[in-house]
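Participant: Spelled out from the first residue to the last, the chains are:
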Amino acid sequence: VTSRTKPAQRARERPCAGRALRSSSESEISGIALVSPKPLTFLGFLNRRTGLVEQKDHPLFGESVAAKVLVFPRGIGSTVGPYVLLEMQSNGVAPLAMVMHRGDLGTIAAASVARIPLVYDVEPDPTMRFASGERLVVRRRGGKGEIARARG
Amino acid sequence: VKLERPQQEMLSGRRGPGLEAATSLLVDVGEAAGAKRMLGIQSAHVSGVSYLTGGEGLVKFLSGLAEGGARASAYATLNPAGMDLDRWKEMGLEPAFAEKQELIISLYRSLGIQTTCSCTPYEMGNVPRYGAPIAWAESSAIAFANSFFGARTNRESAVTALCSALAGVTPEYGLHLRKERAPNVIVEVSAEPRDSTDFSVIGHHIGEMLQGDPAEFGPIPLLRGLRPRTPHDLKALGASLATFGVPLCHVEGFTPECESCPLRNIRRRVRVTGTDLARWRREHEPSAPPALVAIGCPQASAPEVDRIASLLAGKRLVEGVELWVFTSRAQRAVAEQSGAVTTIEKAGGRVLVDTCPEVVPYPRSHYPSILVDSMKAHHYIRSPGLAGIPASLLPTERCVRVATGEEKL
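Protein chains in written order, with the working numbering: chain A, 2 to 153; chain B, 5 to 413.
Hints listed in this document are in silico derivations from the structure and should not be mistaken for laboratory results.
Because the structure is a prediction, the values reported are computed rather than measured.
Treat the hints with care, as some may be off.
[As the list claims (entries may be wrong)] Straight line, CA to CA, 30 Å or less: simulated DSBU-like cross-link-like pairs of lysine-lysine:
no. : chain 1 : residue 1 : chain 2 : residue 2
1   : B       : Lys64     : B       : Lys93
2   : B       : Lys319    : B       : Lys412
3   : B       : Lys319    : B       : Lys93
4   : B       : Lys6      : A       : Lys145
5   : B       : Lys93     : B       : Lys104
6   : B       : Lys64     : B       : Lys104
7   : B       : Lys6      : B       : Lys40
8   : A       : Lys57     : B       : Lys64
9   : A       : Lys145    : B       : Lys40
Based on the provided sequences and hints, a complete structural model is requested.
Facilitator: The structure is reproduced here in structure tokens:
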């Protein structure tokens with residue numbers, strides 16, 4: 002017997018949706034979330050060898066982004082951001098996917114170059130919806146992306 | 005984004021994986037920015053040269069493009085490296101760093117980028133025409149190209165400028181559109197700058213006031229009451245403004261788009277007075293002799309090198325203080341003709357090329373404090389992400405007098 006879902010509950014389960022890069026192929030990726038309440042910048046924020054957040058005054062200080070679904074409000078432009086991500090990738094410590102509330106061209110370029118799956122301009126605000134440690138599923142199809150909690 | 009046939013071919017991979025990657029990036033960025041088409045560019049200026057900031061990721065990316073057979077389709081120049089390619093040993097740098105730096109330069113060369121290693125491409129043949137679409141990185145050069153020439157470039161990153169150089173196009177959005185180039189803040193300047201250091205101080209002061217401005221493509225000030233005498237004054241002003249994300253400034257009676265720019269986007273008015281300028285100068289003066297005097301941010305032009313030489317003629321540097329003048333290889337060649345380079349070196353100074361005061365990985369024990377004549381250099385040398393060394397500021401002439409001991413601190 003299945004109970005009827007209340008409208009409020011349905012709204013809560015509505016997936017976060019946004020735009021995906023045209024260059025990235027269709028895919029479905031599942032991984033553990035690391036959610037940043039604050040914007041982040043790649044140069045000076047991440048250790049390229051370890052994947053650890055090394056910006057002392059950042060709420061994620063000491064956490065590892067390696068193989069995580071990194072959820073953050075927006076990026077702060079750094080011209081070498083793409084190179085930081087590429088180096089992390091060769092060291093095996095890059096994020097698995099990235100989800101942003103507001104897309105910025107710096108981070109979009111970085112994800113495109115490093116071929117890291119990215120969903121941007123995501124509504125509702127994914128940093129409010131998800132918490133670090135939750136398992137998320139990131140689906141991308143035809144320039145659109147969706148993020149939801151993994152079932153079970 | 006609509007692509008013309010050459011770019012369609014690049015995107016399809018028929019011109020090799022390097023150009024495919026470059027075009028694919030421009031499409032991603034263009035779509036995100038809402039561009040409807042690509043514009044053919046007159047030139048590109050590429051940043052991302054220093055091994056210190058680019059690291060292995062940069063080496064990997066450039067190698068991938070080069071192996072993928074990519075060559076520049078547009079004329080493109082290159083930003084400064086982290087060292088003088090000939091004299092890095094004199095700068096106290098490590099061979100391991102030098103080797104990586106040389107590798108990066110040779111990769112850019114194999115991609116068909118002119119390895120000018122300069123932040124002032126407009127002083128060596130990369131001179132954009134009024135209204136021309138260009139794709140430039142390097143904030144100070146962007147501000148100069150947009151403001152002084154009236155050419156059109158967004159604030160490109162290292163990667164987007166490089167991909168535009170390769171593909172020969174840039175997505176049409178932002179500052180390529182006339183309506184986005186209108187000023188959004190008016191700055192009334194009653195301060196009277198005496199030299200280009202003062203112009204850099206005024207630029208920094210305005211930049212700080214406009215920090216956090218919500219304008220999508222950055223604050224675009226219209227400056228009234230300021231009278232630059234030379235392009236060098238605008239070079240200093242623009243470099244400081246660019247530190248705070250200003251991509252374009254209009255200077256009444258001086259820059260070409262001023263007369264025709266509409267004022268309907270103005271949301272704010274600020275002022276800069278003589279008192280502001282005097283306070284800034286006072287606050288940044290050194291209190292003790294520096295270990296190093298670094299001049300040339302942006303890189304000095306031949307006339308600027310000449311001026312330093314005339315201040316140094318027949319003098320010697322004081323014991324314990326070094327003087328480095330940063331210029332480009334191209335402008336040094338001109339300054340050699342006038343004898344200026346010999347004069348500076350005879351006095352004990354160094355004329356360095358290919359690099360700039362900000363990207364040098366200074367050995368800290370040798371250079372615990374640095375005196376500069378530009379607010380941009382002051383801002384970045386102190387930055388923990390770069391050198392992180394205490395810096396102070398004086399006008400060029402007094403910097404030289406401190407280096408020769410004529411002015412005691």
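Participant: Now tell me, hint by hint, if it's right for this structure.
Facilitator: Verification of the supplied hints:
1. At roughly 26 Å between alpha-carbon atoms, Lys64(B) and Lys93(B) fall within 30 Å of each other, so this suggested pair holds.
2. A C-alpha spacing of about 15 Å is found between Lys319(B) and Lys412(B), which places the hinted pair at or below 30 Å, so the restraint holds.
3. A distance of roughly 25 Å separates the Cα atoms of Lys319(B) and Lys93(B); the hinted pair therefore holds under the 30 Å criterion.
4. Simply put, Lys6(B) and Lys145(A) have alpha-carbon atoms about 19 Å apart, close enough for the 30 Å limit, and the pair holds.
5. With a CA separation close to 14 Å, the supplied pair Lys93(B) and Lys104(B) stays within the 30 Å bound.
6. About 12 Å separates the Cα atoms of Lys64(B) and Lys104(B), which keeps this hinted pair within 30 Å; it holds.
7. The suggested pairing of Lys6(B) with Lys40(B) holds, with an alpha-carbon distance near 6 Å, which does not exceed 30 Å.
8. Only pairs whose Cα atoms come within 30 Å are accepted, and Lys57(A) paired with Lys64(B) is accepted, the gap being roughly 29 Å.
9. Taking the CA atoms of Lys145(A) and Lys40(B), the gap is about 18 Å. The hint holds against a cut of 30 Å.
Taken one by one, the earlier hints all hold for this structure without exception.
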